[in-house]
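*Asks:* Now for the letters of each chain:
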Amino acid sequence: MAAAITLEGLSAGYQGAPVLHDITLSVEPGERVAIIGRSGAGKSTLLNTIYRRYPQYAALIPQASSLVANLSVFHNVFMGCLDRHSTLYNLRTLIRPPTAELAAVGGVLEAVGLKEKLFAKAGELSGGQQQRTSVARAMLNGRPIVLGDEPVSALDRVQAREVLRVLCERHETKIFAMHDIRLALEHSDRIILLERGRILLDEPSSHLSYARLLPHFEGELQ
Amino acid sequence: MRKAGSLPRLTYGSATRIFLLAAILVLPLADLSISAVHPGAEFKRLLLGILSPSFAAIELWSVVWTVAFAVLGVVVGGTAGLVLALFFDRSRLVRLTAASLRSVHELFWALFLMQITGLSPATAILAIALPYAGIFAKVFAEIFEEADKSAENVLPYRTTAISRFAFARFPVVAQQLKTYTLYRLECAMRSTLVLGFVGLPTIGFHLESYFKEAHYAEAAALLLCFYVLIGTRRLWARPWTVPLLAVASLFLLPEASGNGSAWRNIARFFGHDIIPVPLRSGSLSHGDTWAAFGSWVWRITVQQIGPGTVETLILAQIALIAAGAIALLVYPMVSRRFLGQVGHYLGRAMLVVVRSTPEYMLAYLLLQLMGPSMLPAIIALSLHNGAIIGYLLGRQADQLTLRADAPTGANLYFYQTTPTLYGQFLAYMLYRWELILRESAIFGILGIKTLGYYVDAAISELRIDTAALLLVGVAVLSMTVDAFSRHLRRRLRIEGLPVRLSADHGANSARSPAPYPAAAQVQEPVV
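These protein sequence lines map, in sequence, to chains D and Z. Under the numbering used here, the first residue of the first sequence is numbered 1, with each subsequent residue one higher. Under the numbering used here, the first residue of the second sequence is numbered 1001, with each subsequent residue one higher.
Wrong hints could be hidden among the right ones.
Using C-beta positions, here's what the derived DEER-type ranges look like [said to hold, decoys possible]:
id : chain 1 : residue 1 : chain 2 : residue 2 : range
1  : Z       : Thr1232   : D       : Arg53     : 27 to 33 Å
2  : D       : Leu88     : Z       : Pro1239   : 48 to 54 Å
3  : D       : Leu102    : Z       : Gly1231   : 49 to 55 Å
4  : D       : Leu91     : Z       : Arg1490   : 55 to 61 Å
5  : Z       : Gly1409   : D       : Gly127    : 27 to 33 Å
6  : D       : Glu195    : Z       : Leu1010   : 49 to 55 Å
7  : Z       : Arg1490   : D       : Glu203    : 41 to 47 Å
One-sided and incomplete, this derived list gives chain D residues near chain Z with beta-carbon spacing under 10 Å [stated by the list, open to error]:
id : residue
8  : Leu71
9  : Lys117
10 : His207
Think of the hints as simulated: they come from the structure by calculation, not from any bench. Glycine is no exception: its CB is placed at the ideal position from the N, C-alpha and C atoms.
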C-alpha cells in the first residue's frame, strides 16, 4: 500500500531562518501519529508544510482557531466543505442554509458537544468552544488525513479525550502536534519527537513511557 | 449588556437594513432624471478629449497658486489646530470652536470671506485654514490622547506641563503629526482646486470655463497635471521641504484684485451686513424689534433651512448607500489576495485617481453632461467615497492573517474577508456619512436644492445675514449627524476602529480593539 505522506530530506524555514532540517518521514494510511516537542521545535511548521504538500488529501486544524468572528458557528463549520459546492450554492447557504447542510453541520457539532451553539456568532464563543468549532470544520471537511495543531489544547482532559476520539473515527490518518505527553501517548500509535527542527525519536507509542519522554521537556510545565 | 425595555440591540445586520431601507424610502423623492439632449454624444467628446490632452493649454500660474494656497492654508491651519489641540480635552469652548470651524465647508468659508477680502490670496488661504484648523485640532487631540503614555508616566514628580509636553508627549507622536499634516496637504490641494470654481485663480477656475465650453482636451491636460502633483506628493512634500514651500509660496502669491480697503470691509461686514435685518434699524430695547427678529428667523427656518435640510439628507442618504455598494464591489481590486501582485497595483492606481478627483468638480462636469438633477451629485459623491472606502478595505483585507486552508475567490470574499471586515466597513461608512453630508450641502451651489443652494442665493443677493443664519443651520445639521454617527458606532461597538485615510493606522491604534480576532502570525514556510 502506498504511504499517505512521504517527506524526504525536507528542510524549511521562514525568510532565511531555518526551522526544519533534513526531515525524512513516511506515514501509512490509518496511522495515528503524535508529533511532540518543546515549543519552537518546529511542530507547527512541519504540519503546515505537510498541509501544503497534500492539500487535496488533508484537513487542517490550525493552532489559532482563526474563525470568522462575525459569522455563525454553522457557517464557520460549513466552510470546511466550500470547495465541494458551487459558489452559487455557497452564497445561497450564506443567506439561507439548506436543511441538509444544517443537519450535516449539526451532526459534527453534536459529536464535539456544541450542537446548541449552531446559530451563535463565532466571536461570542469561549476559547474552548472556538477550538471545538475548528475541529468540527475539519470533521465536516472529512478528508482522509487530519492535521491537528494542538487541536485540544484549550479543553480539559475529559473533553479532550472525547474530541480526539470522534476526530479519529472520522479521518483515516491522524497527525497531531501536541505538547501534553500523556494525552499524546494515550491517543497515538506512534510518537515523533522533534527537537530544534530535527527528528530525535520516532517509535511506536507502546515502546515509550511518560518517564522516558519527560527529560526532553525539561523546564516546561507538564 | 442592555437592560430589558431599552432599545433592541443594534447589530451589523439591523444597522445595514435600517440605512438601506431609509435610502429606498427617500429614493422616490429624489430627482434622478437625465435632461441633457445628447448625453451620449457629449460623453464621447469628453472621452476623446481625455485621450488627447492638449498640454500647451496648461495655465502654469494656476497650478502654482493651487499649490501655494494649499501649502499656506495647511501651515496656518495646522499651527492653529496644534494650539487648539493642546486645550482640546480641557476646554469646552475650544471643542465647540473646532467643531463649528470644521462643520462649515471651505467653499462656504470662501464665499463669506470674499465679502471682506475680495478675490484675494487671503480669501483662499483663510478658506482652507479656518475649517482645517478645526479638523487639525480634533485629529491632533485624538493622536495625543491615543499616544503611548508610558514615557510620561515615569517623569519625575513636579515636571512642568511644558517640559512634560516637550520631552514625553510631542516626541512620541511627532511622526504621526507630520504624516497626518502632509496627508492633509493632499486634501487641501483638492480644496484649493475647487475654490477656483467660485472665482479664485486656481486650476478650478480654468477647468470651469473649459468644461462649460466643452474644451475637454485642455481640461484633461490641466487635470493630468493635478494628478501628477497629487501622485508625487510624497516626493516633494516632506517635513523638511514644507518650510521652503511655505516661504516660496508667500513670494509667488498673486495680487489681490481690488475690493477696497480690507478694514473698511471688515467694519461694514460685522457692523452692518451680518447683523440680521430686523435688528439693524430697530431699537434693541424695543419688544417689536425682537418680535420682528423672531419672525425673520422663523421664516428662513421654514422656507429655506427646512426644505434645504430635507434635500441635503436625501442626497446624502442615497449617496452613502451607493458609496457603500461601490466600496464592497471594488475592494477586492486593490487586494493582493484577490487580484495578485500586478492586478492589485492597477486597481490601486485606478482608485487613487478616482479619489484624487475632487467630488465638486466631478459633480460640476456631470451636471454639464447630464443636465440638472440629483443624479450627477449622487454619482460624484458615491464614486469618490466608494473609492476611498474600497481602497482602505482592500488594504485591510491584505493584512488579515488567514488560515492555511482558507477558501479562495468568491468563497474567500463572501465567507472570510467580507464578514471579517464588515464592522470596519460600517465604521468607515458612519464616519464618511458626515463628510458626505457636508459635501451634499455644498452641491447646492451647483443648483441642486440642498442647503448650499439657499446659502449661495443669499450671498449673491448680498443678504449676508440670511446666509449666516443658513450656515448656522448647516453647522447644526452636520454636528447632529456627527454625534448620531458616533452614537451608532458606540452602539455597534466599532468606535475604536480606525476611520481616517492617513498613512499609518497601525501606530495610533495601540489602545483600539483589533478589528478582527488576532490570529497567530504564521508566515508561509519557504520549503
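*Asks:* Taking the hints in turn, state whether each one holds.
*Replies:* Evaluated hints:
1. Thr1232/Z x Arg53/D: 27 to 33 Å: At 46 Å between Cβs, range violated.
2. Leu88/D x Pro1239/Z: 48 to 54 Å: holds, 53 Å
3. Leu102/D x Gly1231/Z: 49 to 55 Å: holds, 51 Å
4. Leu91/D x Arg1490/Z: 55 to 61 Å: Hint violated: Cβ distance 32 Å, outside 55 to 61 Å.
5. Gly1409/Z x Gly127/D: 27 to 33 Å: Taking Cβ atoms as reference, Gly1409/Z and Gly127/D lie about 31 Å apart, which means the hint holds.
6. Glu195/D x Leu1010/Z: 49 to 55 Å: holds, 53 Å
7. Arg1490/Z x Glu203/D: 41 to 47 Å: violated, 58 Å
8. Leu71: holds, 5 Å
9. Lys117: Violated. Min distance 17 Å.
10. His207: With a minimum Cβ separation of about 31 Å from chain Z (threshold 10 Å), the hint on His207/D is violated.
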